[in-house]
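Number of protein chains: 2
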Amino acid sequence: MEQKGILIVISGFSGAGKGTLVKELLRRHEEYALSVSMTTREPRPGEREGIEYFFTDREHFEETIAADGLVEYARYCGNYYGTPRAYVEEQLGAGRNVILEIEIQGALKIKEKFPESLLLFVTPPSVEELKRRLVGRGTESEEVISKRLARAAEESEGVEAYDYIVVNDRLEECAEEVHRLVDAARRAPVRRSRFIQEIREELNRFAKGAQV
Amino acid sequence: MEQKGILIVISGFSGAGKGTLVKELLRRHEEYALSVSMTTREPRPGEREGIEYFFTDREHFEETIAADGLVEYARYCGNYYGTPRAYVEEQLGAGRNVILEIEIQGALKIKEKFPESLLLFVTPPSVEELKRRLVGRGTESEEVISKRLARAAEESEGVEAYDYIVVNDRLEECAEEVHRLVDAARRAPVRRSRFIQEIREELNRFAKGAQV
Numbered sequence: 001m002e003q004k005g006i007l008i009v010i011s012g013f014s015g016a017g018k019g020t021l022v023k024e025l026l027r028r029h030e031e032y033a034l035s036v037s038m039t040t041r042e043p044r045p046g047e048r049e050g051i052e053y054f055f056t057d058r059e060h061f062e063e064t065i066a067a068d069g070l071v072e073y074a075r076y077c078g079n080y081y082g083t084p085r086a087y088v089e090e091q092l093g094a095g096r097n098v099i100l101e102i103e104i105q106g107a108l109k110i111k112e113k114f115p116e117s118l119l120l121f122v123t124p125p126s127v128e129e130l131k132r133r134l135v136g137r138g139t140e141s142e143e144v145i146s147k148r149l150a151r152a153a154e155e156s157e158g159v160e161a162y163d164y165i166v167v168n169d170r171l172e173e174c175a176e177e178v179h180r181l182v183d184a185a186r187r188a189p190v191r192r193s194r195f196i197q198e199i200r201e202e203l204n205r206f207a208k209g210a211q212v
Numbered sequence: 001m002e003q004k005g006i007l008i009v010i011s012g013f014s015g016a017g018k019g020t021l022v023k024e025l026l027r028r029h030e031e032y033a034l035s036v037s038m039t040t041r042e043p044r045p046g047e048r049e050g051i052e053y054f055f056t057d058r059e060h061f062e063e064t065i066a067a068d069g070l071v072e073y074a075r076y077c078g079n080y081y082g083t084p085r086a087y088v089e090e091q092l093g094a095g096r097n098v099i100l101e102i103e104i105q106g107a108l109k110i111k112e113k114f115p116e117s118l119l120l121f122v123t124p125p126s127v128e129e130l131k132r133r134l135v136g137r138g139t140e141s142e143e144v145i146s147k148r149l150a151r152a153a154e155e156s157e158g159v160e161a162y163d164y165i166v167v168n169d170r171l172e173e174c175a176e177e178v179h180r181l182v183d184a185a186r187r188a189p190v191r192r193s194r195f196i197q198e199i200r201e202e203l204n205r206f207a208k209g210a211q212v
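If you're matching them up, the sequences are chains A and B in order. Take 1 as the starting number for the first sequence in the numbering used here and just add one per residue. Take 1 as the starting number for the second sequence in the numbering used here and just add one per residue.
These aren't lab readings, by the way, just hints derived from the structure by calculation. Some hints could be false.
[Stated by the list, open to error] No farther apart than 27 Å at their CA atoms in a straight line, the calculated lysine-lysine pairs in the DSS-like style are these:
(1) K147(B) x K208(A)
(2) K131(B) x K208(A)
(3) K4(A) x K111(A)
(4) K4(A) x K113(A)
(5) K113(B) x K4(B)
(6) K18(B) x K113(B)
(7) K18(B) x K147(B)
(8) K109(A) x K23(A)
(9) K111(A) x K111(B)
(10) K147(A) x K208(B)
(11) K131(A) x K208(B)
These numbers come from a predicted model, not from an experiment.
Using the sequences and the hints given, assemble the complete structure.
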């Protein structure tokens, strides 16, 4: 068994309950760590430095990019968002599974750079429930709902790139399901490359010895 | 959740204990069914019709090929070996997971034809243990051992095509691990295509409605 932690990307439809799912997983299992993103946008009321985000300015963010200090980053509406590399590497090295809660474009970048990362996509239990959550309580403007719909449609196009689709029906069960999927993912060849390499080398050495 | 069973291919190094693992899985969980291969080779002492193989002649085998009655087939040492389609489809349709215990070439053919099939590769717990099992009790000829080694080296080259590598250390634990991996595999997008399709259609329909 390779001992290093797994880099886990969690994405999913708006309203699928990703945030509470991640919190539940962290509460239940100490081998997970949540990566906190860095951003140049202003903190919103109630947001705390180092909890929701690391808040910084543009100059420092661009220095961090230049120093290869981010695992991935993106720009939305004039602001930068990114994943600081140091924390991710430190936690993975300590054997913890690091969770990034990011959207689909970021997820695809992560998979490209780290093929051994695990991509999970969270959905509500049914199409009806998804619609209900997208529409909300009927108090939101048509514009807000239209935007959410467009975003959900876009997200649904990328689902095949994910390793697993997780249905978030009951929170506790879903957290345990994610934990089992991470365990299963450890058995995929992409995450057992050292073991495979060892077997190949040993078989080659052995075969040469047998021929002598 | 899509209800149909999963087609499971089990391969692995000689001496990895595939046969006993499959038996243990069948004993513990009734939702698995073992596919019995058809062959034109002569039964060996103790082999029973319909248990180890369905024994048949070349003419009937070739008729079955022509009638598309096999899921996959191959020829070794002048004999045909193949997987009868009817049993596989009947069991999958009844929601059972059908196990094929076949070698790597057959496994790759299955994956190509059925992308939603699940490929498991079974190994002994360590390289040392693998060597021990390949060498046997020291009573076998160098030729036999050399052949096994060459075969193991060949098999090790194909491991990346498998979904999971299963380490067979303790039989009962390993059977439960396989069961959990099959459950995890149900969450992969390739096996949730109907759910994804439904969500996409519904989001499109919904988006059109919202624009009217």
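Hints violated by the structure (listed by number, smallest first): none
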